[in-house]
Every structure is written in C-alpha cells, then in structure tokens.
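Please model the complete structure; the sequences and the hints are all you need to start from.
Order-wise, the sequence lines are chains A and B. Residue 91 is where the first sequence starts when you use the numbering used here, and the numbers rise one by one after that. Residue 91 is where the second sequence starts when you use the numbering used here, and the numbers rise one by one after that.
Note that these hints are calculated values from the structure, not bench results. Take the hints with a grain of salt, since some may be wrong.
Same chains, same label: a pair holds when it works inside one copy or across any pair of copies.
As the list claims (entries may be wrong) - Lysine-lysine pairs mimicking DSS-like chemistry, simulated, CA-CA at most 30 Å apart:
#1 Lys340 x Lys320
#2 Lys304 x Lys192
#3 Lys320 x Lys192
#4 Lys400 x Lys340
#5 Lys383 x Lys94
#6 Lys282 x Lys379
#7 Lys340 x Lys304
#8 Lys138 x Lys320
#9 Lys108 x Lys320
#10 Lys282 x Lys391
#11 Lys94 x Lys391
#12 Lys138 x Lys340
Fair warning: this is a prediction, and the values are worked out from it, not measured in the lab.
Each chain, written out:
There are 2 protein chains.
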Amino acid sequence: MVIKVKALVLENGEVFLKDVPTPTPQEEEVLIRVSLGGICSTDLEMVKGYVPFTGVMGHEFVGRVEIDPQGEFTGTRVVGEINIGCGSCSFCQAGLKNHCQKREVVGIRQRQGVFAEYVALPRENIYPVPVESPDEEAVFVEPLAAALQVLEQVHIPPSHRVVVLGDGRLGLLVAMVLAEAGLESIILGHHKEKMDIVKPLGVTGVVAEEFSEKVDLVVECTGSSAGFQKAQQILHPRGTIVLKTTVAGKASVDLASLVTGEITVVGSRCGPFLPALNLLKRGKLPLSKMVDKVFTLSQGKEALEYASRKGVKKVLLDMEC
Amino acid sequence: MVIKVKALVLENGEVFLKDVPTPTPQEEEVLIRVSLGGICSTDLEMVKGYVPFTGVMGHEFVGRVEIDPQGEFTGTRVVGEINIGCGSCSFCQAGLKNHCQKREVVGIRQRQGVFAEYVALPRENIYPVPVESPDEEAVFVEPLAAALQVLEQVHIPPSHRVVVLGDGRLGLLVAMVLAEAGLESIILGHHKEKMDIVKPLGVTGVVAEEFSEKVDLVVECTGSSAGFQKAQQILHPRGTIVLKTTVAGKASVDLASLVTGEITVVGSRCGPFLPALNLLKRGKLPLSKMVDKVFTLSQGKEALEYASRKGVKKVLLDMEC
Chain A
91 MVIKVKALVL
101 ENGEVFLKDV
111 PTPTPQEEEV
121 LIRVSLGGIC
131 STDLEMVKGY
141 VPFTGVMGHE
151 FVGRVEIDPQ
161 GEFTGTRVVG
171 EINIGCGSCS
181 FCQAGLKNHC
191 QKREVVGIRQ
201 RQGVFAEYVA
211 LPRENIYPVP
221 VESPDEEAVF
231 VEPLAAALQV
241 LEQVHIPPSH
251 RVVVLGDGRL
261 GLLVAMVLAE
271 AGLESIILGH
281 HKEKMDIVKP
291 LGVTGVVAEE
301 FSEKVDLVVE
311 CTGSSAGFQK
321 AQQILHPRGT
331 IVLKTTVAGK
341 ASVDLASLVT
351 GEITVVGSRC
361 GPFLPALNLL
371 KRGKLPLSKM
381 VDKVFTLSQG
391 KEALEYASRK
401 GVKKVLLDME
411 C
Chain B
91 MVIKVKALVL
101 ENGEVFLKDV
111 PTPTPQEEEV
121 LIRVSLGGIC
131 STDLEMVKGY
141 VPFTGVMGHE
151 FVGRVEIDPQ
161 GEFTGTRVVG
171 EINIGCGSCS
181 FCQAGLKNHC
191 QKREVVGIRQ
201 RQGVFAEYVA
211 LPRENIYPVP
221 VESPDEEAVF
231 VEPLAAALQV
241 LEQVHIPPSH
251 RVVVLGDGRL
261 GLLVAMVLAE
271 AGLESIILGH
281 HKEKMDIVKP
291 LGVTGVVAEE
301 FSEKVDLVVE
311 CTGSSAGFQK
321 AQQILHPRGT
331 IVLKTTVAGK
341 ASVDLASLVT
351 GEITVVGSRC
361 GPFLPALNLL
371 KRGKLPLSKM
381 VDKVFTLSQG
391 KEALEYASRK
401 GVKKVLLDME
411 C
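Shown next, in the form of structure tokens:
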C-alpha cells in the first residue's frame, strides 16, 4: 500500500493538492479506493467560509472497497452516507445519526473527505451500488438521497401544485424525485438547457421571473438567500416551503407574513440512501445528462472554480487518472 | 336607536374617540351592543403601522345582539369570529375563510371594529356565550381560539418537551391551552407574577435567560422579532417552532441552521371558536386573573398606551360606561 496519497485539501480558506497519509481504517471501518467524486454547492460554500473545516474536501463519491477487515465488502463498488454519529446519544439511538450533536461529517466536519485517492468509512455507512449503474450515475446517490428527503418529511397530495425553485444541481434532482413519485411539478430557473433535462419526465420549466401564480408547495433550491422571499411570493396561504438551501450568513425574513399566511417552513438536509439506490437501479433518471465536465483530482482547484460559475451543471472529479 | 355612537378610531396612525354612525346591519348580519372589548398586541402593532388600517379599532369582544332580522339571536350574549370571507373563492369554499384573499377582518382590514358602542357582524360569525361564563372571561374567546390553533396545526406527542416563549397575553393563553390538553410545558418570561397565573395548571415558569436546555417544540409568543432566534437556540434538531408573533418589519434569520437542524416552522394565526367556548364553559382557566385593568371606552387612547407598557396583562375596554 502507498504511504502517501493525493488529496484536495482545504486549509484556512485555501484549496490545494497535497500528499496526505493513506487513511488507516479503524475498527468497523473499510478502506475505499475512490473512483469519482462530485462537487456540491456545500463544498463551494465551505471554500467561502460557511463551515470552519480543515482537511480533505468532498462528500459525494463512488469507489471500490479495497480493505474490509471482515471481508464482506472487499472488492465491492460502493457509495457512502456522510454522517458518522457517536452511537450513544438519543438521536443516534433513535436512528437519527444525521442529527447527533457529536457527529462527524465526511469532508465537512472533523472527518477527512473523498476528494482523495483513498477514504476510510465505517462499514455501516457504505452501500453496494447496483451492477447496472455506471459510476457517472452512482456518484449522484448522496445528493439524490438529499432530494428524496423532501418526500420523507412532507406529505404532498397529488392535487397540490408544486414548484421547485432553482434549476441548479439539487433543484434538478428534486424535480426528478418528484416526477418519479408521480407528482406534477414546475421548475423555475434561468437556464433552458438545464430545465430541459427534466422535461422528458413531465416537469415544466418556467423562467423564474415570469412565474406569478400561486402554488401549495415550494422546494427552495436556489442556493441563494433571496430564494426564500420568492418562495413566499408564489405560495398560497397555508402553503409549505421546503428549505434545501444552505448559505452562509443571515437572511432578512418577513416573519409576520408567515404567521398571517399560516405558512409552514421545513428545513431539509441529508436523506435515505436505500430508496436513492432503488431509484438509481430503475435507471429512469437522466443523471448522466447532468454531468457538465469531469476533471482529474490534480485539476481539483480548477474544478472547484469551474463549478462555482453560474449555470454550470454537475462537475465530477476523477481520482484514478 | 341612536344615530351616532362613540367609537375608538385609528386614522393616519392617530387614535381618537369619535362619534360615528351606528352600523347598519346588512343582509345576514346582526347588530351587537358591545359590552367589553379586549386590547390585543395586534391593536398596538396597528397603531405602530403594522397594517394600514383606518376606522374603528378592536376585534376582541363580548356583547349582546340587539337586532337580528331573523330573530334567532336577539337578546343573546355573543362573541364573534373576526374574518369575513368573500364566500366564493377556493379558500372560503374549503372552510378556510381566514385565508380568503378578499376577506375583511374586524377592526384590522376593511371592516369596522368592536371598540365602539355597536358593531354589525355576519350571523355566521357569532357564537352564543355559555350562561355560566362572565363577560370578563368571554372576552378572551377570540385570543383563546388563536391559542388553540397551535393544537389544530401541530401534533404534540405527550413525550415532547414544550416551551411557550413569552409570558405576555397570548403566551399565557397558549400555556393554558397546552395544560388543558394534558401536555407539560415550560413558560419562559420575565414576569414572575404573570407566570404564576398558569402555575396552578402545572406550567413551570422560568426566567428566559436562565433556560438553556433543548426542547422539541417552542411556541413563539414574545411579540418581538428577537424571539425567533431564542426559539432556535433552545430547539433540538428536528424540532418545531410555532410562530404566533406578528411584528412589523423583517427579522434577520439564519436560514442555513433551519436546514441543518431540519427545523419546522409553522405560522399560526386565528383559531376555532367552538373548542374555545368549550374550554370557557369548563371554567377551569384562570382567565379573570389575566385582567390587568378595565378602562372606559372614553379612556380608550389611555388604555392603549397603558396596554403597550412592558409587563402589563390584559387591558379591557368597557363600552357601556
């Protein structure tokens, strides 16, 4: 085994390629050779200072288990959940390790990330990938699970009018998930070519500024604090805003209008991997059309810069070349 | 019948006593001789410019029907719902006239209020008061219904820890409603003598700054935009904030932490009168202890000024003296 491996590291707000020691899997962990990583808006927000993280970046990936002390997963292609709970608090014991106050989060909080040749992860965090799904689709499982979390948290009656606000990476995945759940939705954005990706699923794309109707539910995926106000504008009284956007800083919110309209706001984060893998296996989602460009790990800094440009779709990092 | 009646009027942000024409009940309306009115924080916010209202103020009252063209209610002591819908929109037809976009709201929006000797109201808005309930308790039915709306909107499991944030008028009523629903709650405030009112119901009063535990649900009744931040601080991940506070202006909100904690925020406004009247009839709520002072209608301006002082409990207006 190599002693040092290449990794994309964030230190004091600076991103650079660095040789780091090969992760040593702890008890109940496996060592994974990362194939592909996906750049998420959270990565970009971290570079801007959203969370005070230092270490190897990245949390979306697909790879192959190289060392599993128990043997079960050795050689298996896997994706992985990013939250690692303490295992003993009331949240962990209720199966909500995502909310454990002492949790580590891969590439986000006290845990080395996946933008590296190797990553170590707890066995309970990894999931085998269906044989029929290519790496370019499997790398979307983590954000796809986050999109599915909307359906885990909120009941959406078939008669309700639903808007996905924002045609960015997460917005498109949410639109896909809603369509697969048989719900009709409208995606509001600014990039026709992106909204066209979900058109075959029956999702109507509309330029955000041209939409002035009222709907029952808005999934806010703009990645901008201004999105909340737009969501309020197009929402019926008694409507629901599902908040997916995490941006640094505070937003100016008209709380009184939430009361007057009896609006419900639901914060929504990471989601369940098993249904995401089932969706992947069905193979009906146009995930590969979401890939904008694949960079090598050595081009990581450039890739992050590219991913932060307006209108760019999914940017992947190939760790093997 | 008198041609002119005394009323407390708001015009261009100024409050004054004025002789206004006796209201003429329209078809399907009754004329009510108002006995007592209650001053609500919304009245005080209106004076500060929260809504651009001009006309007779007030929406909390108890009175006696003097003219009912259909006879049924003549002579009956009543309270009244304050929303008057258009009757034909989808909200009105779904029984949600509170959210009709064309609705009138008594003393708040395009409809003359109850701080007057007489008020006209639709027959469908009025409810007879139980014989055993004195006027000093019946005048609380409208805000008591608003407190009950929390239970209409949110399911609170008995195991959940609940905090009522704010020991103001609405906070105390919410604490009463939760206690009557068999739920244990903690009220956070700054006035021992006010929190002591709900102590006999089993509600624990704690000085707000001294409370640093985490709870599952916070009913935000501070009447201040700073309350939202405090609610976020004491909330468990996956917790719920029920927002009752309506204050003018925008608040600075950390939306990302709502996402990270998967917090739910539920705006909550007016509530159902029938269960509020049932609670009143049971006679177990210490409502009369909430009365701070009774002013005459002629002292209305002074009463509003008094009600806006910090720590003051419920202020009533006696329209008959």
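Now the hints, each set against the structure:
1. Proximity of Lys340 to Lys320 under the C-alpha cut-off of 30 Å is found in both arrangements, the shortest distances being 16 Å within a copy and 15 Å between copies.
2. Proximity of Lys304 to Lys192 under the C-alpha cut-off of 30 Å is restricted to the inter-copy arrangement: shortest distance 15 Å between copies versus 41 Å within a copy.
3. In the homo-oligomer, the alpha carbons of Lys320 and Lys192 lie at most 30 Å apart only across protomers (22 Å), although the nearest pairing inside one protomer, at 35 Å, exceeds that limit.
4. Taking identical chains as interchangeable, the C-alpha atoms of Lys400 and Lys340 lie at most 30 Å apart whether they share a chain (22 Å) or sit on different chains (29 Å).
5. In this assembly of identical chains, the alpha carbons of Lys383 and Lys94 lie at most 30 Å apart only when taken from the same copy (27 Å versus 77 Å across copies).
6. Within a single copy, Lys282 and Lys379 get their C-alpha atoms as close as 14 Å, which meets the 30 Å cut-off; across copies the closest is 63 Å, which misses it.
7. In this assembly of identical chains, the alpha carbons of Lys340 and Lys304 lie at most 30 Å apart whether taken from the same copy (26 Å) or from different copies (22 Å).
8. Taking CA atoms no more than 30 Å apart as the test, Lys138 paired with Lys320 passes in both settings, with 24 Å inside one copy and 27 Å between copies.
9. Taking the shortest Cα distances, Lys108 and Lys320 never come within 30 Å of each other, neither inside one copy (42 Å) nor across copies (42 Å).
10. Proximity of Lys282 to Lys391 under the C-alpha cut-off of 30 Å is restricted to the intra-copy arrangement: shortest distance 28 Å within a copy versus 58 Å between copies.
11. Taking the shortest alpha-carbon separations for Lys94 and Lys391, only the intra-copy value of 20 Å comes in at or below 30 Å, while the best inter-copy value is 78 Å.
12. Within a single copy, Lys138 and Lys340 get their C-alpha atoms as close as 15 Å, and across copies as close as 26 Å, so both meet the 30 Å cut-off.
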